[in-house]
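Starting from the given sequences, assemble the full structure and let the hints guide the process.
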Amino acid sequence: MASKIDEQQVKHVASLAKLQFDDDQLGKFTTQLESIIDLFETIDKVDTTDVKPMTSATDQVNAMREDIAVNSNQREALLNNAPDTEEGYIKVPAIIDESGDGE
Amino acid sequence: MNFYDTDLTKLHDDLVNKKISSTELTKATYENIAADDDDVKAFLTLNKDGALKQAAEVDQQGIKADQLVAGIPLGVKDNIVTKDIKTTAASKILSNFTPIYDATVIEKLKAQNFINAGKLNLDEFAMGGSTENSAFQTTHNPWDLTRVPGGSSGGSAAAVAAGEVIAALGTDTGGSIRLPASYNGVVGMKPTYGRVSRWGIIAFGSSLDQVGWLTRSVKDNAQLTSLISGHDDRDLTSSTKEVPNFASQLNDDTNVKGLRIAVPKEYLGEGVDENVKEVIQAALKHYESLGAIIDEVSLPNTKYGVAAYYIISSSEASSNLQRFDGIRYGVRAKDVENLEDVYVRSRSEGFGDEVKRRIMLGTFSLSAGFYDAYFIKASQIRTLIRQDFEKVFEDHDLVMGPAGPTVAYKIGSNITDPKAMYMNDVLTVPVNMAGLPGMSIPAGFADNMPVGLQIIGKPFDEQTMYNAAYTFEQSTDFHKQTPKLGGQN
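Here the protein sequences come in this chain order: A and B. First residue of the first sequence? That's 493 in the working numbering, and the numbers climb one at a time after it. First residue of the second sequence? That's 1219 in the working numbering, and the numbers climb one at a time after it.
A portion of the hints provided could be inaccurate.
What the hints assert, rightly or not - With a cut-off of at most 20 Å between alpha-carbon atoms, the simulated SDA-like pairs for lysine to any residue come out as follows:
id : chain 1 : residue 1 : chain 2 : residue 2
1  : B       : Lys1574   : B       : Tyr1640
2  : B       : Lys1310   : A       : Pro575
3  : A       : Lys510    : B       : Val1554
4  : A       : Lys510    : B       : Asp1553
5  : B       : Lys1326   : B       : Gly1280
6  : B       : Lys1495   : B       : Thr1624
7  : B       : Lys1310   : A       : Ala574
8  : B       : Lys1304   : A       : Asn554
9  : B       : Lys1459   : A       : Asn554
10 : B       : Lys1552   : A       : Ala586
11 : B       : Lys1310   : A       : Asp576
12 : A       : Lys583    : B       : Ala1551
13 : B       : Lys1521   : A       : Val538
14 : B       : Lys1637   : A       : Leu531
15 : B       : Lys1574   : A       : Glu499
What the hints contain is simulated information worked out from the structure, not anything from laboratory work.
Pasting the structure below:
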């Protein structure tokens, strides 16, 4: 099994998850995650040869509904929950970095 | 009005016969909440104006005999979306979020004209076992205000135990109904996966989450579970199986004669408090005296349950929580330069530490190079856990043991050690992994705190569980004990 998690790896996983930690937090989280991943690794010793993974507990199979368009007409209500809007659109800051540092 | 000496059927009859009005009942409910909740801190949002308006309407319309919960104030865990009532999941990132639709379970209750008393505290996004992970407040156990109420449905369990409402909705992903039910001496049922629609439940672990009730009596619980169950086109994992009227079988003839009860030795083994064991063993002896047959069995993969559960639930959570990005709803970080900043800063400022840990664990378990060793391996262990139960259920009707390894612990005593916190779930997570129904009922006291007996059933056999729970309840008086809060009793 893989080696334990270190600060470099925690930083990498945080970037995948769109999270960031300052230096103090990074140390704390690394220690805690390391201890939990130790616990995770206890399953390594279970023999699971030919055991199928279970990813759902439902007995239902996929069902199709009729393809009928509905107009719930909720644009305004939905936009009321958006942090920033303009003329019926959700507004976000620039996607392209405009700080001019050449990136 | 603390709901201690009544039940849903009696309240309903009194409302139908106009012995009391819904307005009177609703006012009395808020008076009681005002008296207790400064200490208990179960509610995050009170729906007082809305509730009184609803009550007046119900009083004007009159209450139909087939509307059990009409005019009766009930509590709702704050990860269940409620139209026009703030729904936060106890997270800063949703602190300003007001849903524009109702969860299916709320729709069903509204069709019955229930009164929504308000939204109840939980661990942020239902991740935790004590409500200490709430971004807003820690709920206190009404039996001892220095102790946790359990979690994540701690607000729901504490509100019922304190007599603030007669019943409250909770959710259970790895024990979040059963542990708080055990810690607060109330009845908590997590139905079979698929019994109740998850539409409108803020998703945590989608293959594990299920909605259920916390109540003071078994019969109330059975009635309410029937009300919210059934297939829903908006949740295709919800079952098309017929929903029984569970309560109709609970009467003077209900018994446990010949009932085959399996007791896994792992559920009374190492790590389970001796005083808790004693209470559970006495409860099992009681079942035996009532004619049940008790067998010791083994669920050998129990010891891998916590590790496999935290891999799977965290993986699902890391995926489900990607939607909280500060763009369409929820709190967006201030002074952000670009889009990447919006995501990273909104999430880093909006989520609490436990939620971040779960997202990190899940992202790690799903990431390239680790997926097979963690996520797939855990999913294979999930199969083994389910097979353990299937084998036992070949010649037993129910499985029983404690709901939690200890009674409610002191606030602050576990919060700095996430792994120790996770181990409290050892007896509850296997049920969610296998998709089975599980409940906790009041079974006695250890160190003056309530102890819950966990009852686990076959898929969609909640009826046998309710029958056994009802028989126990009718022949004991643990459920009649109430906390001394506010000197009400």
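Consistency of the hints with the structure:
For the suggested pair B/Lys1574 and B/Tyr1640, the alpha carbons sit about 15 Å apart, so the restraint of at most 20 Å is met. The straight-line distance between the Cα atoms of B/Lys1310 and A/Pro575 is roughly 14 Å, inside the 20 Å bound, and the hint therefore holds. For a cut-off of 20 Å, the pair hint linking A/Lys510 to B/Val1554 stands: about 14 Å separates their Cα positions. At roughly 17 Å between alpha-carbon atoms, A/Lys510 and B/Asp1553 fall within 20 Å of each other, so this suggested pair holds.
In summary, the hint linking B/Lys1326 to B/Gly1280 is supported, as the alpha carbons are separated by about 19 Å, within the 20 Å threshold. Between B/Lys1495 and B/Thr1624 the alpha-carbon distance is near 9 Å, which keeps this suggested pair within the 20 Å criterion. Between the alpha carbons of B/Lys1310 and A/Ala574 the distance comes to roughly 15 Å, so the proposed pair stays at or under 20 Å and holds. A hinted pair counts as satisfied when its Cα atoms are at most 20 Å apart, and B/Lys1304 with A/Asn554 does not qualify at roughly 33 Å.
For a cut-off of 20 Å, the pair hint linking B/Lys1459 to A/Asn554 stands: about 15 Å separates their Cα positions. Using a Cα cut-off of 20 Å, the hinted pair B/Lys1552 and A/Ala586 holds, with the two alpha carbons roughly 14 Å apart. A hinted pair counts as satisfied when its Cα atoms are at most 20 Å apart, and B/Lys1310 with A/Asp576 qualifies at roughly 18 Å. A C-alpha spacing of about 14 Å is found between A/Lys583 and B/Ala1551, which places the hinted pair at or below 20 Å, so the restraint holds.
This hinted pair checks out: B/Lys1521 and A/Val538 have alpha carbons roughly 11 Å apart, not beyond 20 Å. For the suggested pair B/Lys1637 and A/Leu531, the alpha carbons sit about 8 Å apart, so the restraint of at most 20 Å is met. This hinted pair checks out: B/Lys1574 and A/Glu499 have alpha carbons roughly 15 Å apart, not beyond 20 Å.
Comparing the model with each earlier hint shows a violation of hint 8 alone; every other hint is respected.
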